[in-house]
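Protein chains in written order, with the numbering used here: chain A, 9 to 256; chain B, 994 to 1223.
Be a bit skeptical, because a hint or two may be false.
[As the list claims (entries may be wrong)] Simulated crosslink set (EDC-like; lysine to aspartate or glutamate; CA at most 20 Å straight-line):
no.: 1; chain 1: A; residue 1: 17; chain 2: A; residue 2: 112
no.: 2; chain 1: A; residue 1: 146; chain 2: A; residue 2: 94
no.: 3; chain 1: B; residue 1: 1136; chain 2: A; residue 2: 197
no.: 4; chain 1: A; residue 1: 172; chain 2: B; residue 2: 1120
no.: 5; chain 1: A; residue 1: 120; chain 2: B; residue 2: 1134
no.: 6; chain 1: B; residue 1: 1038; chain 2: A; residue 2: 63
no.: 7; chain 1: B; residue 1: 1038; chain 2: A; residue 2: 82
no.: 8; chain 1: B; residue 1: 1210; chain 2: B; residue 2: 1192
no.: 9; chain 1: A; residue 1: 120; chain 2: B; residue 2: 1125
no.: 10; chain 1: A; residue 1: 170; chain 2: A; residue 2: 197
no.: 11; chain 1: A; residue 1: 120; chain 2: A; residue 2: 144
no.: 12; chain 1: A; residue 1: 20; chain 2: A; residue 2: 82
no.: 13; chain 1: A; residue 1: 81; chain 2: B; residue 2: 1120
no.: 14; chain 1: A; residue 1: 170; chain 2: A; residue 2: 37
no.: 15; chain 1: B; residue 1: 1038; chain 2: A; residue 2: 89
no.: 16; chain 1: B; residue 1: 1121; chain 2: B; residue 2: 1134
no.: 17; chain 1: A; residue 1: 170; chain 2: B; residue 2: 1120
no.: 18; chain 1: A; residue 1: 25; chain 2: A; residue 2: 82
no.: 19; chain 1: A; residue 1: 196; chain 2: A; residue 2: 186
no.: 20; chain 1: B; residue 1: 1136; chain 2: A; residue 2: 186
no.: 21; chain 1: A; residue 1: 17; chain 2: A; residue 2: 186
no.: 22; chain 1: B; residue 1: 1136; chain 2: A; residue 2: 226
no.: 23; chain 1: B; residue 1: 1136; chain 2: A; residue 2: 112
no.: 24; chain 1: B; residue 1: 1121; chain 2: A; residue 2: 79
no.: 25; chain 1: A; residue 1: 25; chain 2: A; residue 2: 186
no.: 26; chain 1: B; residue 1: 1121; chain 2: A; residue 2: 89
no.: 27; chain 1: B; residue 1: 1136; chain 2: B; residue 2: 1120
These are calculated hints, taken from the structure and not from any lab test.
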Amino acid sequence: MSERIIEIKGLKKSFGKLEVLRGIDSHVDRGEVVVIIGPSGSGKSTFLRCLNLLEAPTGGKIWFDGAEITDRKECRGARLDAHRRDMGMVFQHFNLFPHMSVLENIVLAPMKVRGIGRAEAEKTALGLLERIGLSEKKDAHPTQLSGGQKQRIAIVRALAMKPKVMLFDEPTSALDPEMVGEVLAVMKDLAADGMTMAVVTHEMRFAREVGSRVLFMDEGLVTEEGTPDELFGNPQNPRTKEFLSKVT
Amino acid sequence: MKFNFLEKYWSYYLIGAKNTILLAILAVAFGVLIGLVLALARVGKNKPLGFVATAYVEFIRGTPLLVQLFIIYYGLQAIGIRFPDIPIVSKVLGINFADFMAGVITMGVNSGAYVCEIFRSGIQSIDKGQTEAARSLGLSERKALRFVVIPQAIRNVLPALGNEFIVVIKESSIVSVIGIADLMYKANTVRGNTYQPFEPLLVAALMYFLITFPLSKLLARIERRMRANV
C-alpha cells in the first residue's frame, strides 16, 4: 500500500563509550505522522538527528526516498546536501538566523540551494507566511518575535524548500506554555495537508490526535510501537505503562 | 619646551603620517586576507591545513615583530626576492618601494596571525544550532559559513578587529628602523636636525593619536549601527 520514504535498519549511535542508540529498526511511510515519545535520555532526539545525518550513525543503515544515505558516497558533500534539502527540520531552539529578516530567513535556502529567483522565492515565502498569519512580520528580525512566532517561522522556513518529509525535534519544549498551542496548530494543519512528519515530542495530546503511529523509545531502543489508540489505550510494555502514567 | 621647529618641519610630519597611513592600510588589508584564510583553515575539517595554520599563528605570536621585520627585510633579499623599484611609486612615497613592501609584508604577516585568532573565536562563538539549521536546509558547509556563520561572526569580532587595526597603525612605527620614512622615522629626522630630542616626539605622539582616535570613534559608530540592525 503506502510507500516507504524512510527506512531504518539496525541504527546505532555512540558518543565515545556512551551507547545512545542500540540498534533501531523502523520506517516512515509517505503521508504518515510518526510521533516518537519516551523518557529523556532515551535517544529520541539523537534518533531524529540521525535521519538527516546531523549525527553520523556509528552503525546500521538509513534509506531516504530510495537511496541509502548512510552509504559512503551518499553521506558526504553535495550528495548529502541534496538529500538534506528534501528533509525539513525544526529544532527545539528554533535556530532562526538572527542577522536576517523573517523574509530573508525563508528565502535563503530556496535561492542559494535550489537556485530559485528572488521574486519567486519571496512569493512562496509570503504565501507561507500568510498561511500561518504572520505576513505582517515579514520585515521583522527574529529578536522582535515571540517564541511561538519564531517556531512557526522556523517551520515555514523548512517548508519553503518543499521537503518530502519534515522532522520535528521537540518543537514546543522551549516555549512558554501559552505559545505551545499556536505551534501545534500549524503542525496539525500540516499533517492534515498530507505532509509526512516525524515528531519527537512530549505533547501526548498531539501524539494522540495527530499521530498515525507512535514509537516509544527507552534506553536507545524502540520498545513499543503502534497506533495512538493501541499505545495510549492499551500499552503492553511495563516501561511504556510507567512512562504514560507519569506524563498523562 | 619649544615647538618653533614646526615652522620649518611641519611638512615632515605630514609626509610621515601619509606613509604611516598608507602602510597601515595595505598591512591591514593583507593581514585580514591572511587571517581569514588561516581562520577558515583552523575551523575546517582538513587536519594538515589546520596544523599549518596553527603553527603559523604560534610562531608569529611567539617571536618579536622586530625580528620578523629583519628576517623579511634581509631574508627576502637573501633568497632573491626583490621588489622591483618602481621609480614613480618611490617618488610619490618619498621612500624606496622595495623597502616599503618589506614593511607592508611584515606588518601583514604579523597582523594576519592575530586576525586569524580574532576570526576563529568569532566563528566559534556562533551557536552550533545556526550551522545545523543551515545544513538541514541543504546548504553546503561553505555556504553555511558564508551566509549564516561569517556574517554573524563579523558582528561579534568587530570590536577586536578594530582594536587590531589600531594596533597595526601604532606598531608600524617599528618599520622606521629599516629606513621607511613613516611618521616615527620623520620624527627622528626632525630630532636629529633640530638637536631637540624630546619635543618632536610629542608631536609624533599627537599625530599618531590624531590618526587612531577618529578611527576608534568611527569603529564604535559602525559597531553601534550593526547592533541596531539586529
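Hint-by-hint comparison with the structure:
1. Restraint check: the Cα-Cα separation between residue 17(A) and residue 112(A) comes to about 38 Å, which exceeds 20 Å; the hinted pair is violated.
2. Annotation: proposed proximity of residue 146(A) to residue 94(A) is violated, straight-line Cα distance about 24 Å (limit 20 Å).
3. Restraint check for residue 1136(B) and residue 197(A): not satisfied, since their Cα atoms lie roughly 32 Å apart, outside the 20 Å limit.
4. For a cut-off of 20 Å, the pair hint linking residue 172(A) to residue 1120(B) is broken: about 27 Å separates their Cα positions.
5. Note on residue 120(A) and residue 1134(B): the hinted pairing holds, with a Cα-Cα distance of about 13 Å set against a maximum of 20 Å.
6. Our distance criterion of 20 Å between C-alpha atoms is met by residue 1038(B) and residue 63(A), whose separation comes to about 16 Å.
7. Of the pairs offered as hints, the one joining residue 1038(B) and residue 82(A) holds, with about 18 Å between alpha carbons and a cut-off of 20 Å not exceeded.
8. Note on residue 1210(B) and residue 1192(B): the hinted pairing is violated, with a Cα-Cα distance of about 27 Å set against a maximum of 20 Å.
9. The suggested pairing of residue 120(A) with residue 1125(B) holds, with an alpha-carbon distance near 16 Å, which does not exceed 20 Å.
10. As the CA atoms of residue 170(A) and residue 197(A) are separated by approximately 16 Å, the hinted pair is consistent with the 20 Å bound.
11. The suggested pairing of residue 120(A) with residue 144(A) is violated, with an alpha-carbon distance near 24 Å, which exceeds 20 Å.
12. Among the hinted pairs, residue 20(A) with residue 82(A) is consistent with the structure: their alpha-carbon atoms are about 18 Å apart, no more than 20 Å.
13. At most 20 Å may separate the alpha-carbon atoms for a hinted pair to count; residue 81(A) and residue 1120(B) exceed this at roughly 29 Å.
14. Pair hint residue 170(A) plus residue 37(A) holds up; C-alpha atoms about 17 Å apart against a cutoff of 20 Å.
15. Proposed proximity of residue 1038(B) and residue 89(A) is supported: the alpha carbons are some 17 Å apart, at most 20 Å.
16. Proximity of residue 1121(B) to residue 1134(B) is assessed by CA-CA distance (about 13 Å); at most 20 Å being required, the pair is judged to hold.
17. A distance of roughly 26 Å separates the Cα atoms of residue 170(A) and residue 1120(B); the hinted pair therefore is violated under the 20 Å criterion.
18. For the suggested pair residue 25(A) and residue 82(A), the alpha carbons sit about 27 Å apart, so the restraint of at most 20 Å is broken.
19. With a CA separation close to 17 Å, the supplied pair residue 196(A) and residue 186(A) stays within the 20 Å bound.
20. Taken as a hint, the residue 1136(B) and residue 186(A) pair is broken in the structure, with Cα atoms around 36 Å apart against an allowance of 20 Å.
21. In summary, the hint linking residue 17(A) to residue 186(A) is not supported, as the alpha carbons are separated by about 39 Å, beyond the 20 Å threshold.
22. Pair hint residue 1136(B) plus residue 226(A) does not hold up; C-alpha atoms about 37 Å apart against a cutoff of 20 Å.
23. With a CA separation close to 15 Å, the supplied pair residue 1136(B) and residue 112(A) stays within the 20 Å bound.
24. This hinted pair does not check out: residue 1121(B) and residue 79(A) have alpha carbons roughly 25 Å apart, beyond 20 Å.
25. Pair hint residue 25(A) plus residue 186(A) does not hold up; C-alpha atoms about 40 Å apart against a cutoff of 20 Å.
26. Under the criterion of a C-alpha separation no larger than 20 Å, the hint pairing residue 1121(B) with residue 89(A) is consistent with the structure, at around 18 Å.
27. With a CA separation close to 16 Å, the supplied pair residue 1136(B) and residue 1120(B) stays within the 20 Å bound.
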